Structure formats: C-alpha cells, structure tokens
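With these hints in hand, go ahead and build the complete structure from the sequences.
In order, the protein sequences belong to chains H and R. Residue numbers for the first sequence follow numbering that gives the first Met the number 0, beginning at 0 and rising by one. Residue numbers for the second sequence follow numbering that gives the first Met the number 0, beginning at 0 and rising by one.
No wet-lab data here; the hints were simulated from the structure. Just so we're clear, the structure is a prediction, and the values are computed from it rather than from any experiment. The beta-carbon is built from N, C-alpha and C at its ideal position, and this holds for glycine as well. Each hint should be verified, as a subset may be incorrect.
Partial chain R-side listing against chain H, Cβ under 10 Å, derived [stated by the list, open to error]: (1) L28; (2) A65; (3) R189; (4) L191; (5) F202; (6) L253; (7) L257.
Stretch by stretch, here's where chain R covers chain H in the computed footprint (C-beta under 8 Å, at least three residues) [as the list claims (entries may be wrong)]: (8) 11-23; (9) 146-158.
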Amino acid sequence: MCNKVDAVHVPDGFLDVPTSVATGALAAGTVALALRKARTELDDRTAPLAGLTAAFVFAGQMINFPVAAGTSGHLIGAVLTAVLVGPWTAVLCMTAVLLVQAVLFADGGLTALGTNVTLMALLAVVVGYGVFRGLSAVLPRTRTGVLTAAGVSAFLSVPAAALAFVGLFALGGAVDLPLGTVVSAMTGVHLLIGLGEAAITVAIVGAVLAVRPDLVHGARRISAATVLEDRRPVAAEVPR
Amino acid sequence: MGAGHGAALSARYLPGGTAVHRLEPHPKLVAVLAFAVVVVLTPVQAPWAPAAYAGYLLAVLTAAAAAGVGPARLLRGLVVEVPFVAFALLLPFVARGPQVEVLGVSVSQTGLAAGGGLLAKATLSILAATVLAATTEPRALLRGLERLRLPQVLVQILMFMIRYADVVGGELHRMRVARESRGFTGGGLRGLRILGATAGALFVRSYERGERVHLAMVSRGYTGSLPGAPAAPVDVRSWALALSLPLAAAAVLLTGMLLG
Numbered sequence: 000m001c002n003k004v005d006a007v008h009v010p011d012g013f014l015d016v017p018t019s020v021a022t023g024a025l026a027a028g029t030v031a032l033a034l035r036k037a038r039t040e041l042d043d044r045t046a047p048l049a050g051l052t053a054a055f056v057f058a059g060q061m062i063n064f065p066v067a068a069g070t071s072g073h074l075i076g077a078v079l080t081a082v083l084v085g086p087w088t089a090v091l092c093m094t095a096v097l098l099v100q101a102v103l104f105a106d107g108g109l110t111a112l113g114t115n116v117t118l119m120a121l122l123a124v125v126v127g128y129g130v131f132r133g134l135s136a137v138l139p140r141t142r143t144g145v146l147t148a149a150g151v152s153a154f155l156s157v158p159a160a161a162l163a164f165v166g167l168f169a170l171g172g173a174v175d176l177p178l179g180t181v182v183s184a185m186t187g188v189h190l191l192i193g194l195g196e197a198a199i200t201v202a203i204v205g206a207v208l209a210v211r212p213d214l215v216h217g218a219r220r221i222s223a224a225t226v227l228e229d230r231r232p233v234a235a236e237v238p239r
Numbered sequence: 000m001g002a003g004h005g006a007a008l009s010a011r012y013l014p015g016g017t018a019v020h021r022l023e024p025h026p027k028l029v030a031v032l033a034f035a036v037v038v039v040l041t042p043v044q045a046p047w048a049p050a051a052y053a054g055y056l057l058a059v060l061t062a063a064a065a066a067g068v069g070p071a072r073l074l075r076g077l078v079v080e081v082p083f084v085a086f087a088l089l090l091p092f093v094a095r096g097p098q099v100e101v102l103g104v105s106v107s108q109t110g111l112a113a114g115g116g117l118l119a120k121a122t123l124s125i126l127a128a129t130v131l132a133a134t135t136e137p138r139a140l141l142r143g144l145e146r147l148r149l150p151q152v153l154v155q156i157l158m159f160m161i162r163y164a165d166v167v168g169g170e171l172h173r174m175r176v177a178r179e180s181r182g183f184t185g186g187g188l189r190g191l192r193i194l195g196a197t198a199g200a201l202f203v204r205s206y207e208r209g210e211r212v213h214l215a216m217v218s219r220g221y222t223g224s225l226p227g228a229p230a231a232p233v234d235v236r237s238w239a240l241a242l243s244l245p246l247a248a249a250a251v252l253l254t255g256m257l258l259g
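Next up, the structure:
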C-alpha cells in the first residue's frame with residue numbers, strides 16, 4: 000500500500016454544488032458544536048492544547064511507518080487523536096489540519112472543504128470513537144483492551160470514510176459510474192489502508208500509554224491501575 | 000520526512016511587493032473561493048465547456064503573472080492533484096453510456112467529458128489557491144479567515160498550530176537524526192514499534208508544550224481571547240481588484256451559457 004493514496008483530499012469540482020453546500024453546512028454545524036463541547040474536555044486550555052495537538056497530527060502525518068513486508072503507510076490520525084485527546088477536541092484538530100492544508104497548500108479544494116471535514120474530521124472521528132467506546136465497554140479494562148479497541152476502531156474508520164465518499168459521489172458526482180465496481184475497488188484499497196492505520200494507531204497509543212497513561216483520554220478508566228512502585232533497595236542492604 | 004508537506008508551513012509563501020501581495024487577505028480568500036465556485040458550476044457535458052476552461056485558465060494565469068508567481072511554482076502546487084489524475088484517466092474506461100472511439104480505443108463519452116472536466120476543474124482551482132498561498136503569509140491568511148467570521152477559538156487553534164508546526168516538526172527531525180545516528184534503518188515490525196514510540200513521545204512533548212504555553216499566556220493575562228488591533232476597513236478598489244478574477248470567470252461562464 001503506497002502511502003500516497005490515503006490522505007487524499009477531495010478537490011474542487013468532484014462533487015456538485017448542492018452536495019458541497021450540504022456537507023459544508025453539516026461540517027459547520029458540527030464544528031460549532033465541537034467548539035462548545037471541547038471546553039468540557041479541555042476547559043480554557045482548548046486553544047493552545049488543540050493547536051499543539053493539531054501541529055502534532057500535521058507532523059505525524061509525515062512519518063512513513065513500515066506496516067507489513069515492505070509496505071509502508073502513513074497516519075490519517077482521526078481515531079488516534081480522538082483516543083488521545085477526546086472526540087470533540089479531535090474534530091477541532093482534524094478540522095484545523097484540513098483547513099491549513101486547503102488554504103496553505105491548495106491540498107483539498109476550498110469548495111470541497113466541507114466535504115473533507117465531513118469525511119475526515121466528522122465521520123472518521125464519530126464512527127471510530129463510537130466503535131472505540133462500544134468495544135471499551137465490553138473489553139477488559141486493561142492496556143490490551145484499550146489497544147484492541149483503538150486498533151479495531153482505527154481500522155474501521157478508514158473504510159467507513161471511503162464508503163461515505165462513494166455515497167457522496169453517487170449522490171452528487173459528475174459521472175454515471177457502475178457503483179458496484181467503485182464500492183468494491185474503494186473498499187478493497189481502504190481495508191488495506193485501514194490495516195496500516197490500525198497498526199500505527201496501536202503503536203502510538205501503546206507508546207503514550209507506557210509513559211503518560213494520564214494523557215490518553217480513551218484510557219481514563221485504566222489510568223489509575225498502575226500503582227507507583229517503590230523499588231529502592233531496603234536500607235539494610237545498602238553497603239556502608 | 001517522506002513526501003507531503005515536507006517543509007515549513009510558510010514554504011509556499013513567496014515574498015514580494017506586487018499589487019496582489021498588497022491586497023488584504025480576506026478579499027483574496029473570497030476571490031479564490033468565488034473563482035472555485037464558478038469553475039465548479041460549469042457543466043462538464045456542455046460542448047462549450049473546454050472553451051470555458053481555457054478562459055478560466057487565462058484568467059488565473061493572468062492573476063499569477065500579476066502576482067509574480069512563476070510557472071515552476073504553479074507546477075509544484077499541482078503535485079497534490081496527482082492521485083486524482085489517475086482517477087480521472089480511469090473514468091472514460093469505467094463509466095457507462097454511449098461509447099466513442101478515441102485513437103482506436105472504445106471509451107465512454109460521458110466518462111471522457113467527466114474525467115476531463117474533473118481534471119480541468121481541480122487544476123484551475125488549485126492554480127488559484129496556489130496564487131493565494133504564494134502571495135499571502137500564513138498569519139495574514141488567518142487574519143483573513145478571522146475577518147470572514149471564522150469562530151475565534153478555531154482561529155486561535157489555527158494560530159497555535161501554525162506558530163508551533165515548525166517547532167514540532169523540528170522536534171521530529173531531531174528525533175530522526177538521533178534515531179538514524181544510532182543505526183536505525185526502519186522496516187519490519189520492530190521499525191513500527193520504534194516509530195510508534197517516536198510519534199508517542201512527539202505527542203507527549205507537543206501536549207506538554209501546549210500546557211506550558213497556556214500557563215505562560217495565563218500569567219500574561221490571557222482570558223480566552225486574543226487582543227487584536229482594530230481591523231482597518233478595506234476600500235472598494237481592493238475588493239474590485241481581488242474580485243476581478245472571479246468576475247472574469249463568471250463572465251466566461253455567462254458567455255458560454257448564453258452562446259452555447
């Protein structure tokens with residue numbers, strides 16, 4: 000799986016104007032809601048912390064991760080961010096990243112910004128975090144449980160966003176395409192990309208859990224499980 | 000590291016003193032957005048569509064010339080389009096509808112028009128957005144977004160992101176130098192674990208930096224909003240100059256609709 004395929008942003012002209020306007024309205028509404036809800040996750044620290052997390056996602060998307068024999072993938076980051084900082088803040092971070100890419104890099108069209116936010120900031124986070132919460136409820140409250148939930152939800156978020164894109168294209172695309180062919184092609188490719196996303200997400204969440212479990216929003220219930228150990232040698236054994 | 004937006008966020012900015020550079024950011028943003036809307040509105044199946052695309056191209060190239068943005072920079076801006084070129088090239092072969100012969104190959108007529116249209120529309124919009132990014136500093140662009148009533152908190156998030164993207168990227172770069180000078184070559188599952196630890200450490204450092212930045216700002220009187228200088232009004236001539244691009248495109252579109 001080539002890392003060039005996955006973080007593709009919808010350019011201008013791919014979807015017709017009504018579809019773009021509808022997704023734009025949906026995106027604007029949800030971002031407005033997220034702006035209010037994120038305050039419950041981060042209180043008045045929202046702006047600096049979400050900004051720095053967005054900068055992290057932006058930098059993290061540049062790392063090429065080896066995933067399986069000879070292939071590499073790179074991070075999209077919606078589920079990773081949702082698990083690390085919470086879903087509402089994640090929506091804001093992903094929106095900020097997409098906005099910067101559209102305005103500063105012409106990557107993703109300005110009229111398609113609403114579509115891109117809907118797919119990659121909204122849908123990926125909502126589906127991914129929903130699955131994560133659902134799995135967390137049934138899996139054991141351990142490190143392995145959190146990592147499994149994060150991996151599965153990261154895996155599912157990618158084909159979900161891809162299928163949503165196909166749906167939008169069927170509604171407001173410019174061409175008469177045999178939908179079955181497109182669905183199977185998109186699903187096949189994105190299942191592979193999803194595997195890469197899952198591997199990377201698990202690796203990163205695992206690394207953060209090892210050093211600062213308190214920073215992993217999705218692992219709040221297990222963060223108290225590790226008790227500080229006193230490993231100092233007993234006084235009598237210390238040589239004089 | 001790897002492909003993508005390798006350099007700093009301001010890498011796309013070309014310093015200069017042209018009339019386009021001196022324009023306020025928000026008229027420019029509105030102009031590029033309106034231009035994209037006009038381009039998107041063009042019906043791909045119309046017989047005059049290629050002529051309209053040529054007209055738009057002329058308009059956006061004129062704007063690029065006025066802004067002193069050279070062809071090399073414009074071409075580099077188009078790199079983001081590469082995956083969609085492949086998609087657009089496939090369209091004539093997979094779309095349904097009446098078939099036509101092109102160079103001895105039977106392709107779908109609607110697919111041909113749609114593929115060409117997609118490619119043309121994406122290219123034209125990217126060219127306009129490249130001119131915008133090349134003539135406007137990232138921070139000025141944020142000011143423009145703020146004046147276009149983007150919510151304050153979102154503007155602040157973007158501002159922190161832009162200010163610290165280079166710091167976080169630099170941290171990532173130093174980690175890579177440290178890793179590779181210890182013999183890391185990547186590949187395999189071990190590589191995944193090590194890069195995962197790198198990205199994890201990067202997250203912890205970014206987040207902690209965010210906490211420090213917040214405390215530093217609170218101790219300097221930050222209450223959740225940033226003070227800004229009162230925005231100067233933009234005169235009609237700036238708006239007219241900025242909007243000449245979408246207006247020219249709209250004129251082309253109207254001509255096509257009336258004559259075609």
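Hints and how they fare:
no.: 1; hint: L28; verdict: holds, 8 Å
no.: 2; hint: A65; verdict: violated, 18 Å
no.: 3; hint: R189; verdict: holds, 9 Å
no.: 4; hint: L191; verdict: holds, 5 Å
no.: 5; hint: F202; verdict: holds, 5 Å
no.: 6; hint: L253; verdict: violated, 16 Å
no.: 7; hint: L257; verdict: violated, 20 Å
no.: 8; hint: 11-23; verdict: holds (count 6)
no.: 9; hint: 146-158; verdict: violated (count 0)
Checked against the numbered hints listed earlier, the structure breaks hints 2, 6, 7, 9; every other hint is satisfied.
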